[in-house]
Amino acid sequence: MFNEMNFTCPPPPGYKGKVQMGHGGGGRMSRKLIRELFIREFKSASLMEEHDGSIVTVDGVRLAFCTDGHVVSPPFFPGGDIGSLAVHGTVNDLAACGARPIAMSSAFVIEEGFPIADLERIVRSMAAAAEHAGVEIVTGDTKVVEHGKGDGVFITTSGIGVIEHEPAPTPRNVKPGDRVVISGPIARHGLAILSIRDNLMFESDLVSDSAPLWDLVSRVYAAGIKPRCMRDPTRGGLAAALSEIAELSATSITLDDRAIPLAEAAKNACEFLGLDPLFIANEGLMLFFVAADDETLLLETLRSHPRGTQAAAIGRVDSGDAGILFVEAEPGGRRAIDIPAGEELPRIC
Amino acid sequence: MKYLDEYRDPKIARALVERIRSTTKRTWTIMELCGGQTHGIMKFGLDAALEGVVELVHGPGCPVCVTPAEAIDRAIAIARTPGTIICSFGDMLRVPGTSENLFHARADGGDVRVVYSPLDAVATARKTPNREVVFFAVGFETTSPAAAAALLEAERLALDNFSLIVSHVRVPPAIEAILDAPGNRVQAFLAAGHVCTVTGEAEYLPIVASRHVPIVITGFEPVDLLEGIARCVEQLEKGESRLENQYARSVRPEGNPAALRAIARVFEVVDYAWRGIGVIPQSGMRIRPAFRRFDAFERFPTTSAESSSESSSPCRSGEVLSGRIKPHECEAFGSTCTPDHPLGAPMVSAEGACSAHYRYRRVINKESLLCSTK
Chain A
1 MFNEMNFTCP
11 PPPGYKGKVQ
21 MGHGGGGRMS
31 RKLIRELFIR
41 EFKSASLMEE
51 HDGSIVTVDG
61 VRLAFCTDGH
71 VVSPPFFPGG
81 DIGSLAVHGT
91 VNDLAACGAR
101 PIAMSSAFVI
111 EEGFPIADLE
121 RIVRSMAAAA
131 EHAGVEIVTG
141 DTKVVEHGKG
151 DGVFITTSGI
161 GVIEHEPAPT
171 PRNVKPGDRV
181 VISGPIARHG
191 LAILSIRDNL
201 MFESDLVSDS
211 APLWDLVSRV
221 YAAGIKPRCM
231 RDPTRGGLAA
241 ALSEIAELSA
251 TSITLDDRAI
261 PLAEAAKNAC
271 EFLGLDPLFI
281 ANEGLMLFFV
291 AADDETLLLE
301 TLRSHPRGTQ
311 AAAIGRVDSG
321 DAGILFVEAE
331 PGGRRAIDIP
341 AGEELPRIC
Chain B
1 MKYLDEYRDP
11 KIARALVERI
21 RSTTKRTWTI
31 MELCGGQTHG
41 IMKFGLDAAL
51 EGVVELVHGP
61 GCPVCVTPAE
71 AIDRAIAIAR
81 TPGTIICSFG
91 DMLRVPGTSE
101 NLFHARADGG
111 DVRVVYSPLD
121 AVATARKTPN
131 REVVFFAVGF
141 ETTSPAAAAA
151 LLEAERLALD
161 NFSLIVSHVR
171 VPPAIEAILD
181 APGNRVQAFL
191 AAGHVCTVTG
201 EAEYLPIVAS
211 RHVPIVITGF
221 EPVDLLEGIA
231 RCVEQLEKGE
241 SRLENQYARS
251 VRPEGNPAAL
261 RAIARVFEVV
271 DYAWRGIGVI
281 PQSGMRIRPA
291 FRRFDAFERF
301 PTTSAESSSE
311 SSSPCRSGEV
321 LSGRIKPHEC
331 EAFGSTCTPD
341 HPLGAPMVSA
351 EGACSAHYRY
361 RRVINKESLL
371 CSTK
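As they're listed, the protein sequences go chains A and B. In terms of our numbering, the first sequence opens at residue 1 and continues consecutively. In terms of our numbering, the second sequence opens at residue 1 and continues consecutively.
Some hints here could point you the wrong way.
In the DMTMM-like style, the derived pairs of lysine to aspartate or glutamate whose C-alpha atoms are separated by at most 20 Å in a straight line are [what the hints assert, rightly or not]: (1) A/K267 x B/D5; (2) B/K43 x A/D276; (3) A/K18 x B/D340; (4) B/K2 x A/E271; (5) A/K18 x A/E36; (6) B/K43 x A/D338; (7) B/K43 x B/E6; (8) B/K2 x A/D276; (9) B/K43 x A/E330; (10) B/K2 x A/E264; (11) B/K2 x A/D257; (12) A/K18 x B/D108; (13) B/K43 x A/D257; (14) B/K127 x A/D151; (15) B/K11 x A/E328; (16) B/K43 x A/D321; (17) B/K2 x A/E203.
Derived DEER-like restraints, expressed as beta-carbon distance ranges [stated by the list, open to error]: (18) B/R126 x A/E120: 31 to 37 Å; (19) A/M21 x B/E237: 48 to 54 Å; (20) B/R126 x A/R172: 50 to 56 Å; (21) A/E146 x B/D340: 33 to 39 Å; (22) B/G183 x A/E41: 50 to 56 Å; (23) A/R35 x B/T81: 33 to 39 Å; (24) B/R126 x A/R124: 35 to 41 Å; (25) B/R126 x A/I39: 42 to 48 Å; (26) B/A273 x A/V145: 43 to 49 Å.
The hints are simulated quantities; they were obtained by calculation from the structure and are not laboratory data. The beta-carbon is built from N, C-alpha and C at its ideal position, and this holds for glycine as well.
Chain A extracted, bound-state conformation (with noise of 0.2 Å):
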């Protein structure tokens, strides 16, 4: 439809010009909608790299800096709340980019009426994540909407790191024969949340595995290993983030269905709802390409750390295919995943 030597006018994509629900799915409606809209109208190089964060260089000290919107619906979680996720949030995709997180900002949009108490319980719990996390927060702005315009509290947050090891990890520079590993049980954020949301309570012990993870994978650069690529798979969960690095890097990744590690309780709720865990959003976890040399001491290096306790080598990169995700199980063999088009699990994040 869009033709990339027409910069003139193209119609906007999505239905009759309006924005639905899906373009914040982390799907195809996102992607299409990125790539076609605010990659091809802001012209950015390191946009286009399509990472967690962009790299950028200042007299020679090599930045990473990203920003990430939370809307979560509701604001307070088994596991968390909207405050703490807005950290984990960019403190995370900071790490994906092999940074150490350095200052942060916060912008708060709430709606008038919100409790007072709420949203102290909210920056309390903020600042406790950010302490956690060894990141100051050093600026921010607060908008209030009027009653009706707003749902509660939003909180945009961005975040500045330093690249302290290169080469920086990219989605490009992952290779046929890299392995993929996980840092723990997948699933959990994404099913925490529909645990209490009013039109689908269950009774479950699942809990947001939201957490900061910067000293976990600072932990691998100290072993020694260079990841060639990370990724924390929030939105659209493990198939949407492994999808989209398969068509970045023009390979096809194969995951081994019985390695990926999945909690009992999440396991149960996603065949009680008709879910796959693969697409379930993830708030503490991270996503290693790695050469098959460094496999193993990956392995050992997480599985010191109490966020890496359960990780697990879940697949393969190839060459052929490219751009495609498989998923090998048993049985039925080996089969392509396809990520959803629009919104699954809205709000989630």
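With chain A's structure known, arrange chain B on it following the hints.
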């Protein structure tokens, strides 16, 4: 997970494939009626594992796929009426009517909500007495008891702001229509386990007797599906036609009497126009006159939907739904028709045959572990 892992056991699955292969002396054509079974077959590569001995034909058992475009158009028109809330299952919101779907109505400002149960829609009606709440009720006998229960609950609560668009359909008349169609190739059926959990076995016995066709009530996991197929093949090879129940861990011969009573109390059986297939006698449900105040089409008689004309579309979903062609035999499949730009409902729905083929067969599965036992 109990009742799950053992039904996905690769060793048992391989043994069943062997059993089917050693039983068959010719190729048999078997239709799985339920869209959930279609997805299981495609996901686990069962069709490829049985190539040459069993041809699996996908049936019409995707409820949102057979919901007429006119019903969706009217739901969209109601969603655009100020003061209304339309609730339905997630899939129903994605399926296009003549040109738009309910998500589009939502982007235009309509209040369209996904619910997991019709009773959630009743709860919404109770919480918002100043709004008209409409539940768009679709599905086979699996979901019609829940819709009936929702209506009865609304009556008990004396709600005057709750109504239903009813597009419920029945499986047995569809089986008869498929068997009686000219050029039918289907020699046996896997009946849908969940539907039979509600209906029991009674309605299938006359079909087996009059049409001399094996029907095996079957579950949804790979071992279920393979066992259902094995039982069909064993009957076919012996020239028998019986009703068998593979899914006995859920289906009792008498079904679920409470659910059947609720359906009978609220709904009456009518002829019904299946999307892409046409009118099948006695295959649909309508709200009985005593409950007419809960019929959304009675409450919103003036909402005219845009007129529908699907004849010009290259979509061949009717032929897919009745098992006459496989999804990839449609010229539009994967080219002009994809999950992002669906031309027909089977490409959108999680139970649609076209979406199953698109999801699992875009890259041909050459390495099925089950195939390797050949």
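For each hint, the structure was consulted:
For the hint linking A/K267 to B/D5, the alpha-carbon distance of about 11 Å falls within 20 Å, and the restraint holds. The suggested pairing of B/K43 with A/D276 holds, with an alpha-carbon distance near 12 Å, which does not exceed 20 Å. For the given pair, A/K18 sits about 16 Å from B/D340 by alpha-carbon distance, which is consistent with the 20 Å threshold. Taking the CA atoms of B/K2 and A/E271, the gap is near 12 Å; set against the 20 Å cutoff, the hint holds.
A threshold of 20 Å between alpha carbons decides the hint, and for A/K18 with A/E36 the separation of about 15 Å falls inside it, so the pair holds. Restraint check for B/K43 and A/D338: the C-alpha separation of about 12 Å stays at or below 20 Å, so the hint holds. Using a Cα cut-off of 20 Å, the hinted pair B/K43 and B/E6 holds, with the two alpha carbons roughly 17 Å apart. Under the criterion of a C-alpha separation no larger than 20 Å, the hint pairing B/K2 with A/D276 is consistent with the structure, at around 18 Å.
Distance hint between B/K43 and A/E330 is fulfilled; the C-alpha atoms sit about 11 Å from each other, no more than 20 Å. A threshold of 20 Å between alpha carbons decides the hint, and for B/K2 with A/E264 the separation of about 11 Å falls inside it, so the pair holds. About 19 Å separates the Cα atoms of B/K2 and A/D257, which keeps this hinted pair within 20 Å; it holds. Under the criterion of a C-alpha separation no larger than 20 Å, the hint pairing A/K18 with B/D108 is consistent with the structure, at around 8 Å.
Note on B/K43 and A/D257: the hinted pairing holds, with a Cα-Cα distance of about 13 Å set against a maximum of 20 Å. Under the criterion of a C-alpha separation no larger than 20 Å, the hint pairing B/K127 with A/D151 is consistent with the structure, at around 19 Å. A hinted pair counts as satisfied when its Cα atoms are at most 20 Å apart, and B/K11 with A/E328 qualifies at roughly 16 Å. Between the alpha carbons of B/K43 and A/D321 the distance comes to roughly 19 Å, so the proposed pair stays at or under 20 Å and holds.
Note on B/K2 and A/E203: the hinted pairing holds, with a Cα-Cα distance of about 19 Å set against a maximum of 20 Å. In this structure the hint that B/R126 and A/E120 lie 31 to 37 Å apart at CB holds, the actual value being about 34 Å. Range check, A/M21 to B/E237: about 52 Å between beta-carbon atoms, so the 48 to 54 Å window is met. Here the CB-CB span from B/R126 to A/R172 is close to 54 Å, well matched to the stated 50 to 56 Å.
Against the hinted window of 33 to 39 Å, the Cβ-Cβ separation of A/E146 and B/D340 comes to about 36 Å, which satisfies the hint. Hint check: B/G183 to A/E41, Cβ distance near 55 Å, so the stated range 50 to 56 Å holds. A beta carbon spacing of about 37 Å between A/R35 and B/T81 agrees with the range 33 to 39 Å that was offered as a hint. A beta carbon spacing of about 37 Å between B/R126 and A/R124 agrees with the range 35 to 41 Å that was offered as a hint.
Between B/R126 and A/I39 the C-beta distance comes to about 47 Å, which sits within the given range of 42 to 48 Å. In this structure the hint that B/A273 and A/V145 lie 43 to 49 Å apart at CB holds, the actual value being about 47 Å.
Checked against the numbered hints given earlier, the structure satisfies every one of them.
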